[in-house]
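Chemist: Protein chains in written order, with my numbering: chain E, 19 to 389; chain X, 19 to 389.
If you are wondering where the hints come from, they were derived from the structure by calculation, not from laboratory data.
All of these numbers come straight from a predicted model, not from anything done at the bench.
Some hints here could point you the wrong way.
Between beta-carbon pairs, the in silico distance windows are [said to hold, decoys possible]:
(1) E:Gln34 with X:Arg274: 26 to 34 Å
(2) E:Arg247 with X:Ile323: 46 to 54 Å
(3) X:Asp348 with E:Glu37: 52 to 60 Å
(4) E:Asn119 with X:Glu60: 41 to 49 Å
(5) E:Asp196 with X:Gln344: 36 to 44 Å
(6) X:Arg274 with E:Ala166: 50 to 58 Å
(7) X:Glu275 with E:Asp163: 51 to 59 Å
(8) E:Glu50 with X:Gln382: 27 to 35 Å
The C-beta atom is built at its ideal place from N, Cα and C for all residues, glycine as well.
Protein chains: 2
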Amino acid sequence: MSQNLRIPGPTPIPPQVAEALGRPMINHRGPEFAALLGRVTEQLQYFFQTTNRILTFPSSGSGGWEATVVNLFNPGDAVLAAPIGVFGDRFAKVGETFGLNVTRVETEWGQANDPQAVVEALSRLPEAKGVFLTQNETSTGVMNDIQALATAIRGVRPDILICVDAVSSLSCVDLQMDAWDLDIVLTGSQKGWMVPPGLAMIGVSERAWKAHEQSRMPRFYWDFTRVARTADKGQTPYTPPVNLFFGLDVALAMMREEGREAIFARHQRCAELTRERAVAMGLELYANPAVASNTVTAIKTPEDIGAKAITKALREREGVVIAGGQERLDGRIIRVGHLGYVHEPEMTACMDALERQLQALGYQSPASVRG
Amino acid sequence: MSQNLRIPGPTPIPPQVAEALGRPMINHRGPEFAALLGRVTEQLQYFFQTTNRILTFPSSGSGGWEATVVNLFNPGDAVLAAPIGVFGDRFAKVGETFGLNVTRVETEWGQANDPQAVVEALSRLPEAKGVFLTQNETSTGVMNDIQALATAIRGVRPDILICVDAVSSLSCVDLQMDAWDLDIVLTGSQKGWMVPPGLAMIGVSERAWKAHEQSRMPRFYWDFTRVARTADKGQTPYTPPVNLFFGLDVALAMMREEGREAIFARHQRCAELTRERAVAMGLELYANPAVASNTVTAIKTPEDIGAKAITKALREREGVVIAGGQERLDGRIIRVGHLGYVHEPEMTACMDALERQLQALGYQSPASVRG
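For reference, chain E alone in the conformation it holds in the complex (with noise of 0.2 Å):
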């Protein structure tokens, strides 16, 4: 049985995406990858909707946040973290384990971020060097509104770097790197991008860069210079993830064709679809509807019923694979992933199965019992 896989990421790969990521190797020092690397890097660039350098580093999109860290701060520095749900979190987590000094700025799950409350709590930090901001948070189903944080923080701090983690949400929604003067923009492979996990993308504005300059962060992997230099050769300072290139490559010519507001569109009709699929079955919604993610739907779980017998009946009998919660909401929600290669009768399917799956455990929507 081939399975509707329906979670916030690794997400399905168009078929040919898959064709290509079997492509014999080529030399990576090569006349074939510099071009090849041009070209993802030119596209990357109209979906970051920026004319910054995007950097491409092999790793997982969490190596986003290490790149981030070592490459723009010195140990000590202050910086405001405003995580919104376990991502956001690890986020802050990474920037203590390097020295530096993290504030939160708290703000309940299901919540997006309060601009007036970011820029109060930077009022109260005006030694504050960065702002470490979540595009999507995946384990709450909560999107940030970036626009209208970038521009309150900017508000009252012009030069402050504002580093955003939009690996689960970039390409599927709108985000402007350049209008809306963000410093450091990163994804990864595995989300939007159709494209199987292990490369990172990192967007770095001029900004960035100078505080770069000014960072002795020790660092070899992550080296922002180091990348920038090989790249102006059409290369990268070590072996590149080549077959995800490929697929890459691939994906964003399919992407480029689809356009960017036809894609930010579909993202939302699929998101909307589901939302409302749950809410007619009498669910309730994890995040605040008002800003409730494009990307990935968090769903409380019936009382009675376990997120894991859901999850578990889902995979077993009908072949979609949801995810459950995390850290402290384990067992008590449910997400859907709805981004990538998605359309609706996917998530038609899914949210029919999930209807199947809980009636088959014994739930009862309080519509129908109230009928």
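For chain E, the structure is supplied; the task is to place chain X on it using the hints.
Modeler: The following block gives chain X in isolation, referenced to the frame of chain E:
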């Protein structure tokens, strides 16, 4: 024209592996991935010849250097590095980058490490906590005798941390992690493993784990403890390169069926064929023939014909891709890879093409001149 890719990595991919690379994605937190990780790890242990833990990282092979340095050592720790070329030198530089006190044993390029010289250097460095060795130096085509080196080192320093870069040799030539009492053995997917680049694999001895417990170097992405803890649950701390695991699983099954000794013998035959053909053309090997590598052959270019002209002619006229020299060897040598998915016919075709293109470039072998 399909290429005969004869660089020392990435190496060609067998068709079965190519097919596996495009398989549908799976949940990296689900039972399929747990089974896959377990299977791959056990097969890797067979090739590392160890019962030690083997950790995997989404990274190029060179990430293994950084992982070794930040997990086992503290800033200020003394280590002895024994580079015999570009890659050994980079391993030493990574140590220096993170504050280790690195002393180098100097060895003429083209030669292997002399165990006696290493032991003498250690006697002058009683505070040394570790030794950095390279099994196969890809830049010079030299293979060290790691068994002899480890035996000599253990004779004087039974508890020193022996850290071996086996990126371009492991699985192609004999390396017995346990019997030779090695503490770190690191490799990368794109070499002998017949898989695209993007996955680093690191064997960690009990002695290395004890050193890890004493190390206070800041680390997040490379942290052995995080990787080991999640491995115990059949997972990885962050999204693993799922499709490289698919490929590695298939490649390891093929390799297991062929058997370790048969693979070593095949590499030896391909290497001998390559060296014999080069010598028969009147070319000079860069490496001392007594320590010539079984995975990559470095050949001095004829006086009047630079490496670039040769690699270009081979690529454009023959579809054969070989490598030039690096750093101080740039332009002075060509390098032919014979590792991973390689058999005699490809090497014969490669050397036939080299002979044709050298003649086309006006090369006259000393033998034919004499004749």
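Chemist: Please go over all the hints and tell whether each is borne out by the structure.
Modeler: A quick look at each hint next to the structure:
| no. | hint | verdict |
| --- | --- | --- |
| 1 | E:Gln34 with X:Arg274: 26 to 34 Å | holds, 33 Å |
| 2 | E:Arg247 with X:Ile323: 46 to 54 Å | violated, 29 Å |
| 3 | X:Asp348 with E:Glu37: 52 to 60 Å | violated, 36 Å |
| 4 | E:Asn119 with X:Glu60: 41 to 49 Å | holds, 44 Å |
| 5 | E:Asp196 with X:Gln344: 36 to 44 Å | holds, 37 Å |
| 6 | X:Arg274 with E:Ala166: 50 to 58 Å | holds, 56 Å |
| 7 | X:Glu275 with E:Asp163: 51 to 59 Å | holds, 55 Å |
| 8 | E:Glu50 with X:Gln382: 27 to 35 Å | holds, 32 Å |
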